[in-house]
Amino acid sequence: MKTAFTLIIAIFSLYVAPAAHAARGADGHLRIIYWQAPSTMNPYLSGGTKEIEAASLVLEPLARYDQNGNMKPWLAERVPTLENGGVSKDLRTITWKLKGGLKWADGTPVTSKDVVFTWKYCTHPQGGCSQSEKYNDVKNVEALDALTVRVTFGIAKPFPYGPFVGAQAPIIQAAQFADCLGARAPRCTDANFKPVGTGPFSVAEFRPNDVISFVANSNYRDPARPAFARVTFKGGGDATAAARSVLETGEFDYAWNLQLAPDVLANMKKAGKGVVISSFGTLVERIVVNLTNPASRLGKERSTAKHPHPFLSDPSVRKALSMAIDRKLLVEIGYGPAGRPTCNILPAPAIYKSTANDGCLMQDIPGANKLLDAAGWKRGSGGVRMKNGVKLSILYQTSTNAVRQDFQALIKQWWSKIGVETELRNISASVFFGGDPASGDTFQKFQADVQMYANNFDGTDPESYMANWACKEAPRPATQWQGNNVPRYCDKAYDALIAKMARAGALKERARLARAMNDMLMQAYVLIPLVDRGRVSAHAKTLGGVVLNTWDSELWNIADWRRVK
Amino acid sequence: MGTYTLRRLLFAVPTLLFISLVIFLLLDLAPSDPTANLPLTIPPEVRQKIRESLGLGEPIHIRYLLWCKQFFINEPLNVVEALLGAGDSERLRVLSWQTRSPVVDLIVERLPQTLWVVGLSYVIGVLIAIPIGIISAYRQYSWFDQIGTFVSTVGFSVPTFFTGVLLIVVFSVGLGWFPSIYDTTHRVTDWSSFLVQARQMAMPVFVLALYNAAQISRFMRSSMLENLNQDYVRTARGKGFHERRILFVHVLRNSMIPVVTIIALGVPQVFGGAIITEQIFKVNGLGQLLIVAIQGGDLPTVQTLTFIFAGLIVTFNLVADILYGVLDPTIRYDQR
Amino acid sequence: MTSARRGTWAQFRTHRGAVIGAGILLIAAFAVLFGPHLWSIDPHLIDIRARNQGISFAHPLGADRLGRDTLARMLAGGRVSLAVAGAAMGLALSLGAVIGVASGYFRRLDGPLMRLTDLFLALPLLPLLLVIIALFRDALRAAFGPETGIFILIASVIGATSWMKTARIVRGEVLALKEREFVLASGALGAPAGRLIFRHILPGVISPIMISAALGVGDAIITESALSFLGLGFPPDFPTWGRLLYDSTDYLQQYPGRVLWPGLAISLTVLSINYVGDGLRDALDPRTRG
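Chains as they are written, first to last, in the numbering used here: chain C, 1 to 565; chain U, 566 to 901; chain F, 902 to 1191.
For the record, the hints were derived by calculation from the structure and aren't laboratory data. There could be a bad hint or two in this list.
Just so you have them, the derived chain U footprint on chain C, three or more residues with Cβ under 8 Å [stated by the list, open to error]:
| hint | segment |
| --- | --- |
| 1 | 78–92 |
| 2 | 305–314 |
| 3 | 478–485 |
Not the full set, but computed from the structure, chain F residues with beta-carbon under 8 Å of chain U [stated by the list, open to error]:
| hint | residue |
| --- | --- |
| 4 | Leu1029 |
| 5 | Val1084 |
| 6 | Ala1086 |
| 7 | Leu1090 |
| 8 | Leu1116 |
| 9 | Ile1123 |
| 10 | Asp1148 |
| 11 | Leu1161 |
| 12 | Gly1164 |
| 13 | Leu1172 |
Calculated cross-link-like contacts (lysine to any residue; reagent style SDA-like; alpha-carbon spacing at most 25 Å) [said to hold, decoys possible]:
| hint | chain 1 | residue 1 | chain 2 | residue 2 |
| --- | --- | --- | --- | --- |
| 14 | C | Lys445 | F | Ile947 |
| 15 | C | Lys120 | U | Gly622 |
| 16 | C | Lys565 | U | Pro609 |
| 17 | C | Lys445 | U | Gly741 |
| 18 | C | Lys319 | F | Ile947 |
| 19 | C | Lys139 | U | Gly741 |
Cβ coordinates follow ideal geometry from the N, Cα and C atoms, glycine included.
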């Protein structure tokens, strides 16, 4: 009798447990730590990664990318394509249809008017919207009915998924932001700190640059989710401390972007409290070669196309610099499992990845020496190579960052083996990446011979990324030193490929063009790719459902996160 | 002394205005960019638009006058209206570029944790330092003095970025006694929540109190030593005054001048926050606000914080000068 | 005069702590000056096979995460740290003492000098450093070469931004001292201001100055490393004690030894200066000398 009773209870609990587990808010409190603290919850007012990811708990786009870089409908019923008729034949319009019955956290319905408003909000000329590039070439956004929106582009748009797609371009509520257009945007502190969203959580308290408290959104479309009732999103400190709080002390459940030396991370993992996860995207750590002369005697004309670089304009020098580098060792020391050696500036998605340059994976110091000998660079005093009185003496700058300084030291030693003398310089990241035209230390001004940093692109389409190296993109006085073509590379054939890609609609053709552009850059050695950098994060062993996504917000599927035993 | 104080107070107004101008010019001259922290995927044209929307396109004197108007006129008016219960939302306050919210609100939000942690550690530091300094001086070269010298030297020679991490590794990771991350949303409502608060404050307060006590006790000790050797002490002893009376009434009073100077210099720094310690323990007080603002090129926040800081410096140095006169009535400032 | 100096030295010698402190400082100076010649491994040399090695014959203090010899880096780093700290502290103390004495002694200067001090105390350090470096780095590099130029820049930057505390303290002491009977008496006897200051005022403020020195050295070593993180200091592969300490903090649990050496070096230096300061004060005080 007793056993039968126990059995019944056991069966009953087996049956009930998952159901109870699946109830909204059943798993209590989730603690997330980002070592950079979000300043606002409005991703249109600050384009920083930390703000975008924090906002992704609340605000959602029509479609987003999954962990494999595939587009997934989110607030929309499906992703419009040419095949299903959502994208017009002339590539000028795309029509989105919202899911039925969607509600904002305040209970009001989500309509196509909200989508139209979002476009108006971000493209207002005085608004200073950080994501306005996503709405480039959009001529009009109109509501066809309560749930249908049509986006019309001024030109044919082979990749029409800029507006309303991805964590960078979510939908905001028209009712809440109606009075916040343009210059009035910053005055809406309440709306910017506590936006009403459709996501699994709503903001309960926002402390700028410190901590955000979220509660489960009672109007979320899936009644069983999210599993957590509350989320604390703490910001500040440094990556080491964030990793420690998840892996060693267990105070937090999830820590973001732990760019730490691999042995430090491995040691923390030994405490057994958490798991380190990593995933790869398009971020490539690279050395950019200055094709123009940065000598200070040139005054305003330093680092401009008027004066070619005294020795880096010689392709064999550039090639030798790349050959002397042992990328595998760089990965081992700096990134461990979160990095892999790469010979491409465009490492992903798979269809865009070229295999034409893989020779660079092997370090070849004798080969580099031979190349320099053949090019007429002879060893002079102190083993430094010279030709016509020009010494191979390099100023190598980067931002302040422990891993980058290790890379600098290693590369300096390798270059010394091929007769290149190197002076290292590090610059505070906020100055180096800042666009202050008055400062000489920005990466755009490039008052050095080579410099190192990482870059990537949003989403999966590389068109605008590859267009970075167009002639007209070179930073120069006329552009207030703004522009993405940092090496000052200029090749008409390359510009022609850019123009071709802007017109190509078929994915295969686009991929071919992108690969060709990548190969041109790589074989000219104007960019020396080093490491394909993955994202590293950590979560507690008691946290389940985490799927690290480098194509979108890391917290993209937080509705599915749950407590596991 | 009265006229001196009045004159100094009157003179403080132009001094502070001048300081605010210098700070503004300095911040303008320093390389900084509010869009520096944005990902490189955001194109230059968009960055330019963002800068313009922040008002960076205006010439510098306009921006300075605008800040003066916002800070010296609009903010006080806003406080008055908030007290009276009337609000005028159209008045432009000093807005932070990073958060797009009023800077003064940010400061008010940060004050509690800064006062709790940095302020308390300062009070504790002073309370420890003064007796240690007195005993060390009175019993010079005793074992107490030697240990005090050693501990205080370690206290100010080992930087807080190291002691903080060491404490975390030992007490949070190893023993699990204290949390390594400070919870700024924690509210003290009863005994148990007070204990939670005490536990999360323990390590940062200890680190900062050690650092402050180390410095102040050295000055206290040396000043006491200086005075213990003065003729008046010998005379007093010769006259048979009670030793305790000599020590606490005469020597201590005369020894306080450098200590008062140091303490007065330290008080504004309490409000300036402790940047490194706040960062290590994630206290996120005023120090963290300032450093994040500097890194993010958030000039209105940096300007406002620094200016408030300047006001406190001028005030507390005045307080110190007045205290000198109280401690040593022979000190005179009046022009003859 | 010579006998007075001899008396000072005799008094100083009786102070055991001061003698030991001076000894340690001398040894440190000797080690960083001549050590790199005796221990001739290049502190920049990367030997990947020696990564994270512990204490061994080849690397008496172990090797760092890139396999660079810790002893060689400590010696090379000490040279930079001690030189920068010494020069910066010297500058800060002289500035602080001069401004403090001038404003305490000469009533007319008090107002302007103390408001200047307030201004310097109020200026935000980080933007100030950025501006100074942006203005002067290239000029100094051109005039003195990269290393000397940066050295001059860093020492003067640290010195010029850390004199205010000393100035305030010295002034406070001077305000009180100058009203003491013996000073007033000398003044009444017609002694010139210069002599008064050197005879009676300066010896009275020597002990706070010495404490500021001890505090200043530790601060200067750390500030120097903070500057190089901002990219304002020496090149990143240039080892200094502050930098070595900071870099090894992440490895506190795995390789505690690596933190120990730079931490010990900084603390010992500060401790020694402390004791030397104590001894100096006793030696210079005419009353204790008897």
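Do the hints match the structure? See the list:
Only residues whose C-beta sits within less than 8 Å of a C-beta in chain U count toward coverage, and the segment 78–92 of chain C has 0 of them, not enough to reach three; the restraint is violated. Look at the segment 305–314 of chain C against chain U: 0 of its residues bring a Cβ nearer than 8 Å to a Cβ of that chain, fewer than three, so the hint is violated. Against chain U, the segment 478–485 of chain C contributes 5 residues with a C-beta closer than 8 Å to a partner C-beta. That satisfies the three-residue criterion, and the hint holds. The interface hint given for leucine 1029/F is met, as the beta carbon of that residue sits about 6 Å from the closest beta carbon of chain U, less than 8 Å.
Hint status for valine 1084/F: violated, given a least beta-carbon distance of 11 Å to chain U, over 8 Å. Interface hint status for alanine 1086/F: violated, as the beta-carbon distance to the closest one in chain U is roughly 13 Å, over 8 Å. For leucine 1090/F, the interface hint is violated, since its Cβ never comes within 8 Å of a Cβ in chain U; the closest pair sits about 19 Å apart. With a cut of 8 Å, the hint placing leucine 1116/F at the interface with chain U holds, because the nearest CB-to-CB distance is about 6 Å.
With a cut of 8 Å, the hint placing isoleucine 1123/F at the interface with chain U holds, because the nearest CB-to-CB distance is about 5 Å. Taking 8 Å as the C-beta contact cut-off toward chain U, the hint placing aspartate 1148/F at the interface is violated, the least distance being around 11 Å. Checking leucine 1161/F against chain U: minimum C-beta separation of about 11 Å lies over 8 Å; hint violated. Below 8 Å, beta-carbon pairs count as interface contacts, and glycine 1164/F has one with chain U at about 6 Å; its hint therefore holds.
Contact between leucine 1172/F and chain U, as hinted, is supported at the beta carbon level, the nearest pair being about 4 Å apart and thus within 8 Å. For a cut-off of 25 Å, the pair hint linking lysine 445/C to isoleucine 947/F is broken: about 31 Å separates their Cα positions. Among the hinted pairs, lysine 120/C with glycine 622/U is consistent with the structure: their alpha-carbon atoms are about 23 Å apart, no more than 25 Å. The hinted pair formed by lysine 565/C and proline 609/U fails the criterion: a straight-line CA distance of about 48 Å is larger than 25 Å.
Distance check on the hinted pair: lysine 445/C and glycine 741/U sit about 49 Å apart at the alpha-carbon level, beyond 25 Å; violated. Between lysine 319/C and isoleucine 947/F the alpha-carbon distance is near 23 Å, which keeps this suggested pair within the 25 Å criterion. At roughly 59 Å between alpha-carbon atoms, lysine 139/C and glycine 741/U are farther apart than 25 Å, so this suggested pair is violated.
Hint compliance for this structure: hints 1, 2, 5, 6, 7, 10, 11, 14, 16, 17 and 19 are broken, all remaining hints hold.
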